[in-house]
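Visitor: What follows is the residue order along each chain.
There are 2 protein chains.
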Amino acid sequence: MCFVHLSFSMFGCPCSLWDWSCCCASREGLQMANINCVTFPIPNVTPDQAEQQLLKPNEWSYCDYFWTDKKDPQGTTSVAGFEVLLQKQLKGKQMQKEMAEFIRERIKIEEEYAKNLSKLSQSPLAAQEEGTLGEAWAQLKRSCHDEAEVHLKFSNKLQCEVEKPLLTFRDNFKKELKKYDHHIIDLRKQLASRFAGVEKARKALADRQKDLEVKTQQLDIKHMNKHEEDIKKARRKSTQAGDDLMHNVDLYNRAQSKWFEEMVTTSLELERLEVERVEMIRQNLRQYTTLRHETDMFNQSTVEPVDQLLQSVDPARDRELWVREHKTGELRPVDMDI
Amino acid sequence: MCFVHLSFSMFGCPCSLWDWSCCCASREGLQMANINCVTFPIPNVTPDQAEQQLLKPNEWSYCDYFWTDKKDPQGTTSVAGFEVLLQKQLKGKQMQKEMAEFIRERIKIEEEYAKNLSKLSQSPLAAQEEGTLGEAWAQLKRSCHDEAEVHLKFSNKLQCEVEKPLLTFRDNFKKELKKYDHHIIDLRKQLASRFAGVEKARKALADRQKDLEVKTQQLDIKHMNKHEEDIKKARRKSTQAGDDLMHNVDLYNRAQSKWFEEMVTTSLELERLEVERVEMIRQNLRQYTTLRHETDMFNQSTVEPVDQLLQSVDPARDRELWVREHKTGELRPVDMDI
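Protein sequence lines correspond, in order, to chains A and B. Per the working numbering, the very first residue in the first sequence carries number 280; after that it's consecutive. Per the working numbering, the very first residue in the second sequence carries number 280; after that it's consecutive.
The set of hints was computed from the structure by calculation and includes no laboratory data. You may find that some hints are simply not true.
Pairs count within a copy or across copies, as identical chains cannot be separated in the list.
[To be verified] The list that follows gives simulated cross-link-like pairs (lysine-lysine, BS3-like), each with its CA atoms no further than 27 angstroms apart: (1) 479 with 512; (2) 420 with 367; (3) 436 with 394; (4) 457 with 512; (5) 606 with 457.
Please work from the sequences and hints to get the whole structure.
Guide: Written out as structure tokens, the structure reads:
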């Protein structure tokens with residue numbers, strides 16, 4: 280991490296580059312602004328200003344793009360950039376859940392289809408067809424049951440190999456996210472608290488400086504000694520207030536650093552988790568397509584025995600079988616003779 | 280057609296070889312029996328008897344096996360062999376109809392499945408997933424609609440190419456069969472009528488012969504001339520009755536021939552129709568299996584675009600797209616400076 284150290288702090292006057300109330304001033308060239316207690320450089324104000332490089336160039340990394348709070352379009356509140364990242368994670372969890380629901384719906388459809396085909400296969404329609412044709416027909420009916428089995432197997436595998444993984448991936452994720460959220464929020468609160476401390480010390484210094492100035496400009500011929508004493512005291516207090524301000528600024532900067540580090544670490548973690556989520560989903564959806572391929576192939580094979588028996592259909596053979604069973608008599612009539 | 284001509288007619292005594300009342304006698308070796316007015320040879324009674332050869336050997340042809348009436352197991356009625364053949368045809372028509380019904384049921388199942396898949400494809404679940412993963416997911420949903428189309432196409436083709444032909448094949452068949460039935464029945468009725476004629480003539484001849492015998496054995500010394508006259512008259516009447524019997528037997532034999540010819544012709548026609556029916560059904564069921572094959576192949580192809588998009592899923596690209604849209608600010612914080 281590389282901070283660009285700037286030499287002036289700014290406070291008091293609204294800057295046209297920003298929407299928020301901020302502080303800016305120009306002393307030695309570089310300018311800063313505080314937005315919601317975070318200290319930012321103001322870009323492009325001076326030509327000498329060293330530009331910030333992305334921490335992870337060309338990666339569109341979370342750690343590079345979510346520093347600023349996002350202003351709520353409706354009102355005056357704003358949302359931390361980190362919140363945007365968190366919402367993205369929660370949405371991802373929701374997507375995972377909805378995809379699992381979709382698979383559940385598919386499972387139900389397959390089960391219904393299988394049930395209907397199975398029932399149809401038990402139909403007595405044309406059961407009285409006999410011989411080789413009857414066998415082919417019986418196999419055709421049986422193949423409907425085989426198809427039902429294929430679809431039932433498909434739905435079972437969908438449940439085990441697609442729905443379940445989607446449902447159970449990162450069960451406890453929301454809790455994890457809450458932890459991250461609370462931690463970052465705490466660090467911002469500390470930062471705000473330190474910022475308040477800086478403001479307080481800054482005001483105290485201003486007061487002390489004003490007091491010193493007033494006292495220095497006074498002339499008191501009558502009480503010269505006491506006056507010198509007063510000026511020395513005022514000067515001492517002013518110096519103390521200055522030290523106090525520097526101390527508060529230091530505390531502030533440490534708090535900001537801490538928040539900064541945590542932001543980078545956590546946003547990179549969220550980034551990694553998102554990559555994992557996308558890969559997990561891709562895997563499961565590939566499993567879906569694999570099962571679909573499989574299913575269509577198994578389904579094709581249910582037709583083969585039917586084809587074979589249809590090939591063997593033999594009307595002559597069927598006639599023989601039927602005639603053997605149903606013939607009434609072979610003796611042919613003859614002429615009557617006297 | 281080759282009739283075995285036999286030299287004796289038989290009548291009067293029940294024959295142990297048959298269930299029905301019949302006539303049999305043994306004069307010169309070959310024997311016949313009438314069953315329901317049809318004249319049959321009695322098989323295996325004399326070693327010299329020429330055996331009947333099948334009209335169409337090795338073919339199990341209808342024309343060889345349905346000459347005898349079938350006795351109804353419950354009662355004393357019997358059913359003509361031809362009726363058995365006709366029932367077979369009617370049953371075949373029924374089978375055709377039931378197969379079409381089965382296909383109709385399959386069509387309904389496919390339509391239901393298609394409807395469900397299509398509805399599912401329009402689900403908004405996980406529609407908020409973006410980037411390359413979002414595209415793959417959207418395609419997965421779309422593929423469910425593609426599958427629905429495949430199954431709808433399957434059901435439409437089932438209707439046109441399998442159900443309809445099965446339903447419409449030989450629409451008017453029952454009427455055709457009725458015609459055959461009535462024609463054969465009529466010929467049997469005529470045969471029965473001629474048979475009655477023979478019986479009547481036979482009885483008349485017996486009466487005339489008895490009368491002649493009686494008259495011949497009488498001695499009438501008183502009225503010798505008249506008596507001679509009476510005997511001549513009786514002899515003439517006897518001869519006439521004999522001619523009459525032969526004439527009736529001839530009419531009978533012609534009626535039997537006519538029925539015989541029609542039996543052969545019609546049973547061969549029914550045989551041909553049955554072969555056609557079996558072939559027609561085989562064809563349609565083959566079309567069913569062809570459509571099944573097709574459907575599974577088309578179905579497989581619906582998964583391919585999904586596979587391709589899953590291949591292209593790129594978490595880094597998705598991060599870029601999302602960060603570009605949702606970033607809050609790139610400027611990193613800097614130390615506050617006084």
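Visitor: Against each hint, give a clear statement of whether it holds in the structure.
Guide: Here's how the hints hold up against the structure:
1. 479 with 512: Answer is within; shortest intra-copy Cα gap is 21 angstroms, inter-copy 166 angstroms.
2. 420 with 367: between (52 angstroms within a copy, 23 angstroms between copies)
3. 436 with 394: both (17 angstroms within a copy, 23 angstroms between copies)
4. 457 with 512: Neither way: residue 457 and residue 512 sit 52 angstroms apart in one copy and 136 angstroms across, limit 27 angstroms.
5. 606 with 457: between (86 angstroms within a copy, 21 angstroms between copies)
When the structure is compared with the earlier hints, a violation turns up for hint 4 alone.
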